Amino acid sequence: MVNKGRPSRDCTPCKRRKLRCDLQVGSCGQCLRAKLMCYGYRQDNELIIYDETGKTARKVLARHHQPHPPHSPQLGNSPQLAWDVRARHTFFSLYVERLSQNCTHLGSLYARASTIGQLASSVDALSLALVAFQFDSLELMRLANSRYVGAIRGVGQALRNVQTAVSDETLQSVMLLDLYEKITNRNSKNSYSWMSHAQGALSLVIKREDGNITSPQFGQLASRVLSTFTISCGVLAVPVPEQLFALRKSLDRIMVSSKWNFVTLLMDTVNLRADSLSAGANANEIANRAKKLERTLSNLEENLPEHWRPKRICVSERNERTLGSYYDIYSSHYITQVCNAIRIQRLEMNVLIRSYDPASAEGAEETISHISNQICASAPYFILPGARPENKEPFSSLQRLQCVNLLVALYAAAYSSSDTKLKEWITGTMEYIVEKGHLKVAKNIADILRDNPDTDIWTVYARTGCYAIAA
1 MVNKGRPSRD CTPCKRRKLR CDLQVGSCGQ CLRAKLMCYG YRQDNELIIY
51 DETGKTARKV LARHHQPHPP HSPQLGNSPQ LAWDVRARHT FFSLYVERLS
101 QNCTHLGSLY ARASTIGQLA SSVDALSLAL VAFQFDSLEL MRLANSRYVG
151 AIRGVGQALR NVQTAVSDET LQSVMLLDLY EKITNRNSKN SYSWMSHAQG
201 ALSLVIKRED GNITSPQFGQ LASRVLSTFT ISCGVLAVPV PEQLFALRKS
251 LDRIMVSSKW NFVTLLMDTV NLRADSLSAG ANANEIANRA KKLERTLSNL
301 EENLPEHWRP KRICVSERNE RTLGSYYDIY SSHYITQVCN AIRIQRLEMN
351 VLIRSYDPAS AEGAEETISH ISNQICASAP YFILPGARPE NKEPFSSLQR
401 LQCVNLLVAL YAAAYSSSDT KLKEWITGTM EYIVEKGHLK VAKNIADILR
451 DNPDTDIWTV YARTGCYAIA A
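Going by full-length UniProt numbering, the first residue of the sequence shown is number 1, and it counts up by one from there.
Keep in mind the hints are simulated off the structure, nothing from the lab. Incorrect hints may have been included.
Claimed, not checked - Subject to a maximum C-alpha distance of 20 Å in a straight line, what follows is the list of computed EDC-like cross-link-like pairs (lysine to aspartate or glutamate):
no., residue 1, residue 2
1, LYS443, ASP136
2, LYS311, GLU390
3, LYS421, ASP447
Stated by the list, open to error - The calculated label-pair distances, taken between Cβ atoms and stated as ranges, are:
no., residue 1, residue 2, range
4, GLY386, ARG253, 43 to 49 Å
5, LEU138, PRO358, 44 to 50 Å
6, GLY107, GLY280, 45 to 51 Å
Only a predicted model underlies this, so the values are computations on that prediction, with no experimental measurement involved. Heads up, the beta-carbon is just placed ideally off N, CA and C, and yes, glycines get one too.
Let the hints inform the model, and build the full structure from the sequences given.
Dropping the structure here:
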């Protein structure tokens, strides 16, 4: 039974002054000495122990029925798992196991690592940052920041030891901290924070490359370092260093996949972007290099494995979530993302061709229109109710992460295309993702598209944190 506690017979002045009343008849001694008027003592009916169970139950029910913003994490006082535990579970169950192809060996490394070591701290920092990113929670981000400080200390200690400095655990920890920086610091103008962990990871790879490159685990980590460093260079519009090309040559012996073929081409497109923005860029040279890379990227896309090709679904009735009368289904979200990544680079090459070679502008415009429609056709499968069983309204956690990866591809299509109808559809689709997925990042991109449509693709990629969610 819930009650108010043991009732007191003390007079009111003594209770207010937190004194022990001597309960003398007429007036208590404490009131006499203080020259206060003693109000007397409580009556018997005031000393009854009242059952407060019903009242307490009503208060609890009222608290539970208070409306909360959809999908927002509640950091209240009710008994529950700590947020770092819950974020860690979300990170492994959603990001590692179901979304990303870049963390194949993380589970085994984490299982062997110390629960208070550098890798555990790095996982906690990144997982909290990912949840804070999803829910736009400042409180969770503060918690992530504290874990990040601990992870930095742990990595620093590992680097001071000759053996642990070149371990897979240390390299993986640094890569996780790089992802953390990309999520929490989306201002790409701060080149130091954007490149510090990537440069550190590259140094670790170079230190131990000889004799270790044949290890599948190290090979995957080294390839991730290469792609991370390349993307960072693309965002900052700086050339890829020669060290990365040397690493690519070493990894070519063991890395065999369509995505790896794309990553190697990405290094060339990033260098072309940097050269096109430099002073005194030669228009003919830029256009010719862009045409060559466009042909190579197109050939890569045409020769993707057969099971990578989408299945086209025709829509009989008009639906606002489809651009035309159809949408495409890919066999996995990973394949969708890699195909769209190839298309984004093809769009960038064709924009360069259109800008630097007026004679080829019409052909480039046709290619841009075709690619942009392919990107738009890839989106409905992840957001359209009924397109697949896991599509929900509001979006599930996995669906939200998958949609984050669509946003930059959709922006690239709108940025490159001159089709007004396509641009309006993309803006409407992003607003739908904001409404059903409660993704602030979608609103940010929709605002950029509406207010600053000339913002280049790489800048949007950085500002939105989409790089960190890449599969």
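Taking the hints in turn, this is what the structure says about them:
no. : hint                        : in the structure
1   : LYS443 - ASP136             : 12 Å, holds
2   : LYS311 - GLU390             : 18 Å, holds
3   : LYS421 - ASP447             : 17 Å, holds
4   : GLY386 - ARG253: 43 to 49 Å : 46 Å, holds
5   : LEU138 - PRO358: 44 to 50 Å : 49 Å, holds
6   : GLY107 - GLY280: 45 to 51 Å : 50 Å, holds
In summary, the structure agrees with every hint in the numbered list given earlier.
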